[in-house]
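Visitor: Given next are the chains, with one letter for each unit.
There are 2 protein chains.
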Amino acid sequence: MNINQNYLNLKDSYLFFTIAKKVQEYQAAHPEDEVIRLGIGDVTLPLVPAVTGAMSKAVAEMDDAATFKGYDEYQGYDFLKQAVCGYYAKKGVRLGIDEVFISDGAKSDLGNILDIFSTDNTVLIPDPVYPVYVDTNIMAGRTIKFLNGTDGNSFLPLPEADTAGDIVYLCSPNNPTGAVYSKEQLQLWVNWAKENDAVLLVDSAYEIFIKDPSLPTSIYQIEGAKECAIEFCSLSKTAGFTGTRCGYTVVPQALIRNDTPLNKLWRRRQSTKFNGVPYIVQRGAEAVFTETGFAQIKESIDYYLENARMIAATLTSLGIPFTGGSNSPYIWLQCPNGLSSWEFFDFLLSKYNIVGTPGAGFGENGEGFFRLTAFGSRENVMKAMERLKSMKP
Amino acid sequence: MNINQNYLNLKDSYLFFTIAKKVQEYQAAHPEDEVIRLGIGDVTLPLVPAVTGAMSKAVAEMDDAATFKGYDEYQGYDFLKQAVCGYYAKKGVRLGIDEVFISDGAKSDLGNILDIFSTDNTVLIPDPVYPVYVDTNIMAGRTIKFLNGTDGNSFLPLPEADTAGDIVYLCSPNNPTGAVYSKEQLQLWVNWAKENDAVLLVDSAYEIFIKDPSLPTSIYQIEGAKECAIEFCSLSKTAGFTGTRCGYTVVPQALIRNDTPLNKLWRRRQSTKFNGVPYIVQRGAEAVFTETGFAQIKESIDYYLENARMIAATLTSLGIPFTGGSNSPYIWLQCPNGLSSWEFFDFLLSKYNIVGTPGAGFGENGEGFFRLTAFGSRENVMKAMERLKSMKP
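Protein chains in written order, with numbering that gives the first Met the number 0: chain A, 0 to 392; chain B, 0 to 392.
A portion of the hints provided could be inaccurate.
Calculated cross-link-like contacts (lysine-lysine; reagent style BS3-like; alpha-carbon spacing at most 27 Å) [stated by the list, open to error]: (1) Lys-68/B to Lys-297/A; (2) Lys-56/A to Lys-382/B; (3) Lys-297/A to Lys-382/A; (4) Lys-382/B to Lys-263/A; (5) Lys-68/A to Lys-263/B; (6) Lys-297/A to Lys-21/B; (7) Lys-263/A to Lys-10/B; (8) Lys-263/A to Lys-21/A; (9) Lys-382/A to Lys-210/A; (10) Lys-21/A to Lys-20/B; (11) Lys-382/B to Lys-20/A; (12) Lys-382/A to Lys-68/B; (13) Lys-382/B to Lys-68/A; (14) Lys-68/A to Lys-68/B; (15) Lys-56/A to Lys-21/B; (16) Lys-263/B to Lys-56/A; (17) Lys-388/A to Lys-56/A; (18) Lys-68/A to Lys-297/B; (19) Lys-263/B to Lys-10/A; (20) Lys-263/B to Lys-263/A; (21) Lys-350/B to Lys-68/A; (22) Lys-20/A to Lys-21/B; (23) Lys-21/B to Lys-68/A; (24) Lys-263/B to Lys-21/A.
Honestly, the hints are just simulated from the structure, not real lab data.
Quantities reported herein were computed from a predicted structural model and do not represent experimental measurements.
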């Protein structure tokens with residue numbers, strides 16, 4: 000008996016643990032200070048009435064043998080897959096219902112999708128980045144190469160002459176940098192993937208925050224993407240589903256490798272290792288895509304985007320360079336005066352009683368940068384920005 | 000770019016597809032016949048009021064920013080883990096709260112648990128058996144050896160002098176045979192696993208159907224099991240959660256391989272590739288373990304067990320040998336007159352308009368056997384048994 004030895008190569012992540020500990024210690028030493036958390040990655044607004052109304056109705060259906068729902072077909076109910084297809088149609092993307100897989104969230108699928116690929120593939124991962132891309136590939140023992148996201152490329156790495164790999168992760172709008180790829184930039188990645196027989200794993204969990212109509216909200220708005228890209232979406236940030244759990248993954252029928260449709264492989268993986276999303280949750284998710292539901296979630300998204308705008312405006316007035324802050328709930332700023340991520344964390348906490356996330360936690364290229372998020376309450380964001388206005392960068 | 004070539008070794012399962020097609024064709028040819036389905040593996044009774052009441056309350060909480068729940072800690076809320084520990088305590092098993100992992104169902108965890116083991120382990124799988132044990136290991140390219148379940152051992156294979164392997168699947172009460180291991184038999188497996196540094200993966204999804212107090216309902220009722228066994232449980236059959244999705248997996252802290260606690264590895268796997276069960280569902284699951292909830296689900300279980308008893312009594316009166324039928328929702332019968340599984344299927348369908356599941360669909364040793372289930376309505380079970388009474392075996 001041997002365990003999977005690759006697990007021993009995983010680094011323990013102490014990022015959020017260390018943050019919590021430092022805040023706790025500061026608060027214990029200064030009980031009179033009001034600490035504001037702008038590092039939070041979870042939503043704070045409740046589910047919208049259209050969603051809770053649909054879920055209440057579904058709970059009642061489950062209470063009656065005549066309307067009770069048992070196993071579904073693991074890939075989601077047609078009513079929800081159709082709603083997702085309708086959402087894509089509004090973006091100008093036509094999908095077949097069998098190309099949509101309902102999931103319990105983008106994170107699960109981003110990890111589990113690796114099952115269908117050989118472990119001898121080389122993986123290209125942006126740095127800085129959402130840490131699970133790296134960890135899930137370490138678990139499988141794959142070779143990882145990093146795509147450098149820096150000031151110089153606005154944290155949007157592009158394929159270069161010597162870029163070589165089989166699987167590429169893209170996240171746009173990006174977590175943690177808030178940077179958004181343009182259509183022209185994504186076209187470069189799609190062209191590269193097709194030329195190199197690679198597959199793009201596109202994390203679009205934050206697409207709803209894109210307001211600029213010139214920016215793409217789906218990889219399939221890019222010519223040729225259906226032949227090289229899988230897209231992962233989530234209702235977590237779109238509709239406050241972080242504790243309700245529902246997302247969707249698109250695997251186009253045109254995406255074929257080793258003469259095998261990846262759609263068929265993923266269907267087989269999910270049929271065998273997954274049993275579907277609760278009926279009640281799928282009814283709630285369906286409501287997100289109705290006219291009423293969409294109008295309601297748009298209000299929440301606009302609330303968060305206004306928070307982001309206020310944070311961005313303050314940084315601009317202070318002359319602190321940043322990415323994100325519009326078309327994204329994240330603001331990624333350069334630590335002033337050459338401070339390291341953690342030095343700036345301590346400075347912000349002790350001087351302004353504001354908590355954020357040190358960029359070093361998202362990869363080597365994150366050192367010297369800092370993430371703020373727009374998911375807090377308006378009141379807290381306003382208070383925090385008022386405090387920062389006096390900062391001498 | 001290469002796909003995971005192991006997927007190409009999977010056999011397509013046409014079992015339920017073929018059944019559906021045959022029934023459809025028969026019904027088209029004989030529209031006047033009333034076909035009764037006794038092959039169904041899904042529950043038919045609705046969720047109990049304690050569960051839907053708790054879920055309705057949770058939906059209301061999600062509607063209000065003050066009580067809204069976002070991300071949890073991925074392994075489940077303490078309130079539910081504590082309820083599970085309380086359920087185990089009644090069985091005489093003491094578990095720590097950090098040994099319980101809340102999941103979206105036993106099937107997901109039974110597949111995903113393999114992540115933490117090396118792919119060079121040899122796996123021992125009973126035959127006949129629930130097909131996902133086999134498929135998930137084929138996907139990972141592991142060597143599979145089968146443990147023969149036959150008439151001779153009442154479909155309860157035990158370790159023998161030459162039994163060698165690293166991972167062993169046990170399912171008791173068994174799907175499809177309904178057979179239940181005794182304490183003495185499970186003790187043999189535990190002793191063998193400890194002597195051979197193996198790990199037992201114990202699927203206890205049907206433990207609630209065990210009424211005989213001398214039979215074990217958890218592997219941890221067996222001396223030494225915490226050092227060699229992981230147990231998978233589900234509310235799917237226990238509380239009608241097939242479409243609501245919640246289960247729990249127990250990884251004891253005492254279970255250590257390669258000097259590494261498997262609890263730590265599984266926690267890392269789930270933290271990285273899973274985002275937890277919906278808050279609403281966890282509140283519904285918690286209600287199952289309350290006094291009121293438990294009394295309500297007991298009524299449903301007793302209803303199914305009475306169906307099973309009626310089917311078993313009919314087979315006994317006909318002189319047809321079978322396993323299961325008590326302490327289990329499954330009845331596994333020997334096809335009369337030397338008929339093959341599919342021949343008996345056709346015979347039952349055409350002569351008595353009854354649909355079951357051919358045993359050959361569960362492995363080579365299932366040939367010549369047939370599965371009936373107790374999940375139908377009482378009315379249908381009574382009608383079907385009335386028809387069968389005239390059968391000349």
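Visitor: Does the structure break any of the earlier hints, and which numbers would those be?
Guide: 2, 4, 5, 6, 8, 10, 11, 15, 16, 17, 20, 21, 22
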